[in-house]
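S.K.: Each chain, written out:
2 protein chains.
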Amino acid sequence: MKNKKFKGYAFVEGGVCAAQGFKAGGIHAGLKPGSDPNKNDLAMICSVKPCTAAAMYTTNKVQGAPIIVTRRHLRNGQAQAVIVNSVNANTCNADGEEKANLMCEYAAKALDLHPEDIIVASTGVIGQPLPIEPIEKAVPALAESLSETGNAAAVNAIMTTDTQPKEVAVEFTAGGKTCRLGGMLKGSGMIHPNMATTLTFLTTDCAIDHDLLAAALREVVFVTLNRVSVDGDTSTNDMVCVMANGEAGNAPIVTNEEDYEVFKDALYAVLMNLARKMARDGEGATKLIECLCEGAEDDKTAEIVAKSVITSSLFKAAIFGEDANWGRILCAVGYAPAEFNIKKVDVSLGSAKGTIQVCKKGAGVPFSEEEAKVILGEEEIFVHVTIGKGPGSAVAWGCDLTYDYVRINGDYRS
Amino acid sequence: MKNKKFKGYAFVEGGVCAAQGFKAGGIHAGLKPGSDPNKNDLAMICSVKPCTAAAMYTTNKVQGAPIIVTRRHLRNGQAQAVIVNSVNANTCNADGEEKANLMCEYAAKALDLHPEDIIVASTGVIGQPLPIEPIEKAVPALAESLSETGNAAAVNAIMTTDTQPKEVAVEFTAGGKTCRLGGMLKGSGMIHPNMATTLTFLTTDCAIDHDLLAAALREVVFVTLNRVSVDGDTSTNDMVCVMANGEAGNAPIVTNEEDYEVFKDALYAVLMNLARKMARDGEGATKLIECLCEGAEDDKTAEIVAKSVITSSLFKAAIFGEDANWGRILCAVGYAPAEFNIKKVDVSLGSAKGTIQVCKKGAGVPFSEEEAKVILGEEEIFVHVTIGKGPGSAVAWGCDLTYDYVRINGDYRS
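As given, the protein sequences belong to chains G and L, one line each in that order.
So for the first sequence, my numbering puts the first residue at 6; every next one is plus one.
So for the second sequence, my numbering puts the first residue at 6; every next one is plus one.
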């Protein structure tokens, strides 16, 4: 799937509640003693009817207990609700699976569903027993509170070191019907997705066949969430899931044709924008870095190069310092494990304030340091790397490396 | 080559001047206008007679001009002197090779040698033209100043963001003769060696066949310098070279037998200690992290796991915060691209103050946070990861991620 410009989609409010027939909510269950009562730590999403559902999971060998349980529940391609907590990842605990199952049971009971129809997820510290009592106690009130405007309370609950809630939703037309697709995502550390990423929950009222839903998710995740890196660490609890309840009334999408492409584009619009928000809000980040690599022999080569640039600690620190140290870009391009001719590499740096070429055919070109300073003073920095004349291209997103990344992670557990 | 304990070697003073028949020196050539006149930026090493010489170079596609020139000069397996500057990497400049050649010519003229017998190296900012005039002007005085105690002035000249000079030398016996091998190394950012690393200069008076010298260097570099990572960035100018002048008078080592093993062990002792010094002095580092992975199916698997741990930004930041956040170790073990059973992974954390087990069979075990705090308060932290019962093992070295790494790299060029 190529990166493209989108037309004909309207961005709408509402996040996971944008699509018809979905309610959501969030509550402060108190999973961390003494924590801010205004910060939720438990969220729920529920559809009015069973949904076709698909998900992708972390490739880390360490798999959080909720990942194991959700994988089992989604085997039949169906789900109707989500329960998710922050504070504690429920990973590497002997009783993890048992507690993930209990979370599903509590949610199912409160929502009058089967536990197998619940998607469960957790995020937070690894390796500390999950306090299950606060969850058991909070679930009935949480279920009671679900509403069509509950997306804000829900996204608040999944935030950990995130400084901003991350929600995107779009409206599009499929089969002559107006459909919506929206979602919420949490960052913002341990972000180096591989096959799937972080916690992302998507809902749509578009009717779509399960296999096509899963295929679209896979294809789009590869060019959005999987193109983001904050710190090179792939989490144990990454998951992205999508639930489609068909409430829009469109004729279900069952073939790989026009409506499917429209749906996939809508999914791209949502996930690409969530991916950008995640990168921009990477732990401690002050700037979003977007790297476009073009001219590669194939997209995979372009992806390897673009990711190498946005994951270079040295380059990330230079961007924090607003220093046009393009040698570090070329260095990161040079150690990317892919085949191309370094003597054909051009590099430009840009932002809303303009663009300057800093490297041509692998060698530096003179540029105005003053102009560079102005360009790098912006919050969204664009790096354009051309490595040849091939058709392959890819975009990757990252963020700068700052004092705050160290501060946040020097003492995360306490 | 396995990690082992060394016996029968005496560490000696003198760095690159420890071996007989080598002189060295350093001078402030003034490659950066207004820089501290007490900080050297140009060094030279010279042997009394031609040396058998071998080197390994960066695998970055971007290769500094000095790398290209040195590679050409070492094609015949011989060299007699080294010239090296800091401040400027002479990389990605249109006139880079020309200037690297000029450096060799100036050195050859001052030392009465052929330019082809000179090893040239540069380290510093990438992509800015190298000011050659200060070098031309300084070389005669530098050559004049070479002495058998000039190693301190030489190592001072190759330091960039290093806070400590890094020299190691050992004395050993080969063919009944006392031999010495010593070296100097620079860190301390853009450190993620791959086949070779950073700038390292080694000298020995031991007589040894060229092919054996090259083979020993390769074998030892793989388990020492290549096991260090400061920031995951592989530099464009990495090089490690060794010159052997035979002044010890031993019968030349020409077979793969006892003396060769002794020589290799001496080389290991020097490079392993230089590697540790490099990691400990990684940019901004306050702590050395040593990770031993054991029980792997083979050494390669163990190396992948050990390196994954010491390169995890999240774990590095936790160590800076003296936080026993072992979940991050297990997470990094889990995303290491190698095959093993995560349910068999044990993890211990240690230092001079003791050792605690934090994870057994992939799950947390209770430990005293107070004890952990005392252990992590030390400057050398030891992580022991057991991933099974296989014979494979490997050690890797890294450092913590600190505010100072960001400060140093947020504004490196100015």
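Please keep in mind that the hints were generated in silico from the structure rather than gathered at the bench.
Errors might be hidden in some of the hints.
Which chain L residues stay away from chain G? Per the calculated CB distances, all over 10 Å, these [what the hints assert, rightly or not]:
| # | residue |
| --- | --- |
| 1 | Arg77 |
| 2 | Gln83 |
| 3 | Cys97 |
| 4 | Glu103 |
| 5 | Asp236 |
| 6 | Lys305 |
| 7 | Asp328 |
| 8 | Ala337 |
| 9 | Thr407 |
Output of the computed footprint for chain L on chain G, the stretches with three or more beta carbons under 8 Å from beta carbons of chain L [as the list claims (entries may be wrong)]:
| # | stretch |
| --- | --- |
| 10 | 118-128 |
| 11 | 320-327 |
| 12 | 388-400 |
In this text, a Cβ means the ideal position worked out from N, Cα and C, and glycines have one as well.
S.K.: Does each hint hold? Answer for all of them.
M.R.: Here's how the hints hold up against the structure:
no., hint, in the structure
1, Arg77, "18 Å, holds"
2, Gln83, "29 Å, holds"
3, Cys97, "5 Å, violated"
4, Glu103, "13 Å, holds"
5, Asp236, "4 Å, violated"
6, Lys305, "16 Å, holds"
7, Asp328, "6 Å, violated"
8, Ala337, "7 Å, violated"
9, Thr407, "6 Å, violated"
10, 118-128, "violated (count 0)"
11, 320-327, "holds (count 4)"
12, 388-400, "violated (count 0)"
Hints 3, 5, 7, 8, 9, 10, 12 from the earlier list are contradicted by this structure; the remaining hints agree with it.
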